[in-house]
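Place chain Z on chain A using the hints.
Those protein sequences? They're chains A and Z, same order as listed.
The number in this note's numbering is simply the position in the first sequence, starting from 1, with 30 added.
The number in this note's numbering is simply the position in the second sequence, starting from 1, with 381 added.
Among these hints, one or two may not hold up.
[Unchecked claim] Over the 12 Å line for every Cβ pair with chain A, so calculated as not near, a few chain Z residues:
#1 D449
#2 P454
#3 E455
#4 K456
[To be verified] When the alpha-carbon atoms are kept at most 25 Å apart in a straight line, the in silico DSS-like pairs for lysine-lysine are as follows:
#5 A:K179 to A:K103
#6 A:K59 to A:K177
#7 A:K115 to Z:K437
#8 Z:K456 to A:K107
#9 A:K163 to A:K59
#10 A:K177 to Z:K460
#11 A:K91 to A:K136
#12 A:K103 to A:K177
#13 A:K179 to Z:K456
#14 A:K115 to A:K136
#15 A:K89 to A:K136
#16 A:K107 to A:K136
#17 A:K136 to A:K103
#18 A:K179 to Z:K437
#19 Z:K432 to A:K103
No lab work stands behind these hints, which were simulated from the structure alone.
Model, not experiment: these values are computed from the prediction.
Beta carbons: idealized from backbone N, C-alpha and C, even for Gly.
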Amino acid sequence: MSASNDWPAASVGARLETEDGICVLTYQKLDAQAIIASVADDRAGATAVFIGTTRDSFKGKVVTRLDYQAYSKVAVKTIADIIRKARRQTFRSEHHADGYVSSIIKCAVHHRLGTVPVSEPSIVIAVSSPHRKESFMACEYILEEVKRKAQIWKREFYEGEREEDAEWKENITTSMAS
Amino acid sequence: MSTSAPPEITVLYFAAASTATGLTVERVPLPSGEPLPLTSLADLLVSRHPKTNLDKVLLSSQWSVDADMVDEPEKVVLKGGEEVAVICPVSGG
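Extracted from the complex, chain A is given alone in its bound form:
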C-alpha cells in the first residue's frame, strides 16, 4: 500500500501552549522569522535559534523529500515536558547568583508534518534569555530531547528508488548520521 500522502488520522496539526512555552505541529511551511519574533522580549539579550532543514543526500543517495508524521496529541505533551525541563534546569550564568529564577524567557518549538521538500525547514526552535549561554544550552537540549523522545517519525525518499522502499528513520540508531 502506498500511503505517502495518506497521513494517519492521529497525525494532525496541534498546538500546546504552557507557562513554559509553546509547541506547534503543523502541515504548513514553517516561518522561521515569525517563530523568532514570537520569543522576542524586552528582557532578552539573546535569542538562540535552531533551524533543521531537509538535506539533499544520505550516504551518497539523493534525497528527494522527507515525509513526517506524528502522534500529535502525545508529541505535543512530550515537547511541552521537554520545554518545562529545559526551563527548570539551572542554566544560570554567573550573572544570577540569587535564588531560583529560570533564565529562559520564552521558548517556541515548531515541527512540520507532511511532506517537506529538500531545503525547507522541518523544525524551528527559538529560545530567548537575558544572556547567550542559557539560550544556547536550552536550544540544544530541546533539540536533542525532541529528536530522542517526541513521537514524530520521518521517512526519507531517494531518487531512483521505489516509494515502498523509502526508509523510516530511527534517531537512536542513526544519530551519528542524522
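Just chain Z, lined up with the frame of chain A:
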C-alpha cells in the same frame, strides 16, 4: 450503550508499524471479551497480521495507552475502550 458488543480497543500504527500492517488504525476486539494484559497484545496483533514484519517492528517499539507512554507494560491490563498506539523508534527533527 450496547451491552452485547464485545469490548474492543483501538490500535494506532505509525511509521514502520503502519507500513508493515498497511493500516494506521485498527479496531481490535479483546479475545473472548476478556481483559487483556498489555504484554499479550503484541502476539495478538502479530496473529492478525501474519506474513508481515510487524513482529520485528514491535520488538523495538513501545506502547502508549490513552495518550500516555507506558513504562511498565506488565502492570497494564486492557479492559476495552482504550486507544493503544505502537510507538516505533522516533525520528523527529
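Structure-based check of all given hints:
{"no.": "1", "hint": "D449", "in the structure": "8 Å, violated"}
{"no.": "2", "hint": "P454", "in the structure": "16 Å, holds"}
{"no.": "3", "hint": "E455", "in the structure": "21 Å, holds"}
{"no.": "4", "hint": "K456", "in the structure": "19 Å, holds"}
{"no.": "5", "hint": "A:K179 to A:K103", "in the structure": "14 Å, holds"}
{"no.": "6", "hint": "A:K59 to A:K177", "in the structure": "20 Å, holds"}
{"no.": "7", "hint": "A:K115 to Z:K437", "in the structure": "33 Å, violated"}
{"no.": "8", "hint": "Z:K456 to A:K107", "in the structure": "22 Å, holds"}
{"no.": "9", "hint": "A:K163 to A:K59", "in the structure": "29 Å, violated"}
{"no.": "10", "hint": "A:K177 to Z:K460", "in the structure": "33 Å, violated"}
{"no.": "11", "hint": "A:K91 to A:K136", "in the structure": "39 Å, violated"}
{"no.": "12", "hint": "A:K103 to A:K177", "in the structure": "17 Å, holds"}
{"no.": "13", "hint": "A:K179 to Z:K456", "in the structure": "22 Å, holds"}
{"no.": "14", "hint": "A:K115 to A:K136", "in the structure": "13 Å, holds"}
{"no.": "15", "hint": "A:K89 to A:K136", "in the structure": "37 Å, violated"}
{"no.": "16", "hint": "A:K107 to A:K136", "in the structure": "17 Å, holds"}
{"no.": "17", "hint": "A:K136 to A:K103", "in the structure": "22 Å, holds"}
{"no.": "18", "hint": "A:K179 to Z:K437", "in the structure": "21 Å, holds"}
{"no.": "19", "hint": "Z:K432 to A:K103", "in the structure": "31 Å, violated"}
Hints 1, 7, 9, 10, 11, 15 and 19 from the earlier list are contradicted by this structure; the remaining hints agree with it.
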